[in-house]
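Asks: So the sequence lines, in the order shown, correspond to chains A and B.
For the first sequence, the numbering used here gives the first residue as 1, with consecutive numbering after it.
For the second sequence, the numbering used here gives the first residue as 1001, with consecutive numbering after it.
Since the hints were derived computationally from the structure, they do not count as laboratory data.
What you are looking at is a predicted structure, and each value in this text was computed from that prediction instead of being measured.
Among these hints, one or two may not hold up.
[Stated by the list, open to error] Think about it this way: if two alpha-carbon atoms lie no more than 20 Å apart in a straight line, the pair counts; the simulated SDA-like pairs of lysine to any residue are: (1) B:K1053 / A:T96; (2) A:K98 / B:I1114; (3) B:K1040 / A:Y22; (4) B:K1038 / A:G85; (5) A:K108 / A:F10; (6) A:K98 / B:S1055; (7) B:K1036 / A:G40; (8) A:K98 / B:N1057; (9) B:K1040 / A:V50.
[As the list claims (entries may be wrong)] A partial selection of chain A residues facing chain B, derived with a Cβ cut-off under 8 Å: (10) E17; (11) K56; (12) P92; (13) G102.
[What the hints assert, rightly or not] Which residues of chain B face chain A? A few of them, derived with a C-beta cut under 10 Å, are: (14) Q1037; (15) K1041; (16) P1042; (17) S1050; (18) E1067; (19) P1069; (20) P1103.
Just so you know, even glycine gets a beta-carbon here, dropped at the ideal spot from N, CA and C.
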Amino acid sequence: TQLLEQSPQFLSIQEGENLTVYCNSSSVFSSLQWYRQEPGEGPVLLVTVVTGGEVKKLKRLTFQFGDARKDSSLHITAAQPGDTGLYLCAGPISGTYKYIFGTGTRLKVLA
Amino acid sequence: DTEVTQTPKHLVMGMTNKKSLKCEQHMGHRAMYWYKQKAKKPPELMFVYSYEKLSINESVPSRFSPECPNSSLLNLHLHALQPEDSALYLCASSQDSGSYGQPQHFGDGTRLSIL
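Pulled out of the complex, with its shape left as it was, chain B reads as follows:
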């Protein structure tokens, strides 16, 4: 069982749709992350929120819009996605910065398919 919960588990959407991915953690962690993972590849960092503020944006296209409503929740709003955006989207959290030896904990991901 994972302590980071992601919904939905699967999502199929057209290129003109708007949808959101949700992530929740109740471990009191102060950093939350979005990753994109293509098949058989390591996760690629997209965004980092620390203490509810966006601290890292890895030059992600604006069709991906992150939101952190509170310290336990993280959303990823999707609009006008392209077929190449089809991937596994992973949410992770960590107690604080990795500089303190704090590991990341991952959810099971949302499998996104763009038609």
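Bound-form chain A, shown alone:
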């Protein structure tokens, strides 16, 4: 069974601090997606990483896919209150239309 474990589960930081969220598995994924979800809304796609070792940047957010394609990280530089939300990683199960989601990281950035 493929699983995606995220850490930490909860993070409360001050505005301007940096943070890293991890998404780990013992299984290889062909790609991983990162989403941010705010209360009462659907998950919003932030990025898809496909190639092992790939690094993608989205403004203050940096995403990395592990060389072996078993893990990924999300680094936020100088966090802002607008970054508050639930961060989810997700990956497809090979040969199916099924995606599995990570356990989620709830981030709160205090002004």
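Given chain A's structure and the hints, the job is docking chain B onto it.
Replies: Chain B alone, transformed into the frame defined by chain A:
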């Protein structure tokens, strides 16, 4: 703005009512999904339609009945729901199988409350 549109945004129904949730996408995606999400938890997959055919049913109770009238529309028919079915119901679509690196795109969900 989301490219997957869900209606209604909120729904309150009694346990004997029949209602439907609707989802629409115009991105030409060939796979559409229903998820259930409880507070502070990740989404849980319920159903997947690929090329308008039901390809995955995650052992969902029969009081939930999905329907895919065409490649752009997805419905979820609800009947005789239980209070524990109260949740955020999310619709998603993807261009094809995730094996090709295609991500899912989500709607804003329907907040369902069962009285």
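Asks: K1038 (chain B) and G85 (chain A) were given as a pair; does the straight-line alpha-carbon distance stay at or below 20 Å?
Replies: Holds, because 15 Å separates the two Cα atoms, which is no more than 20 Å.
Asks: Holds or violated: K98 (chain A) with N1057 (chain B), Cα cutoff 20 Å?
Replies: Holds, because 11 Å separates the two Cα atoms, which is no more than 20 Å.
Asks: Holds or violated: is there a CB of chain B closer than 8 Å to the CB of K56 (chain A)?
Replies: 13 Å, violated
Asks: K1036 (chain B) and G40 (chain A) were given as a pair; does the straight-line alpha-carbon distance stay at or below 20 Å?
Replies: 13 Å, holds
Asks: Can you confirm whether the C-alpha distance between K108 (chain A) and F10 (chain A) stays at or below 20 Å?
Replies: 8 Å, holds
Asks: Under the criterion that the straight-line Cα-Cα distance not exceed 20 Å, is the pair K1040 (chain B), Y22 (chain A) satisfied?
Replies: 18 Å, holds
Asks: Does P1069 (chain B) meet its interface restraint, that is, does its C-beta lie within less than 10 Å of any C-beta in chain A?
Replies: 19 Å, violated
Asks: With a cut-off of 10 Å on the beta carbons, see whether Q1037 (chain B) makes it to chain A.
Replies: 9 Å, holds
Asks: Can you confirm whether the C-alpha distance between K1053 (chain B) and T96 (chain A) stays at or below 20 Å?
Replies: The hint holds at about 14 Å.
Asks: For the pair we were handed, K98 (chain A) and S1055 (chain B), check the Cα-Cα distance against 20 Å.
Replies: 10 Å, holds
Asks: Sort out whether V50 (chain A) lies within 20 Å of K1040 (chain B), counting only the CA atoms.
Replies: Violated: K1040 (chain B) and V50 (chain A) sit about 27 Å apart, past 20 Å.
Asks: Can we keep the P1103 (chain B) interface hint, with Cβ of chain A closer than 10 Å?
Replies: Holds: closest Cβ of chain A sits about 5 Å from P1103 (chain B), inside 10 Å.
Hints 2, 9, 10, 11, 18 and 19 from the earlier list are contradicted by this structure; the remaining hints agree with it.
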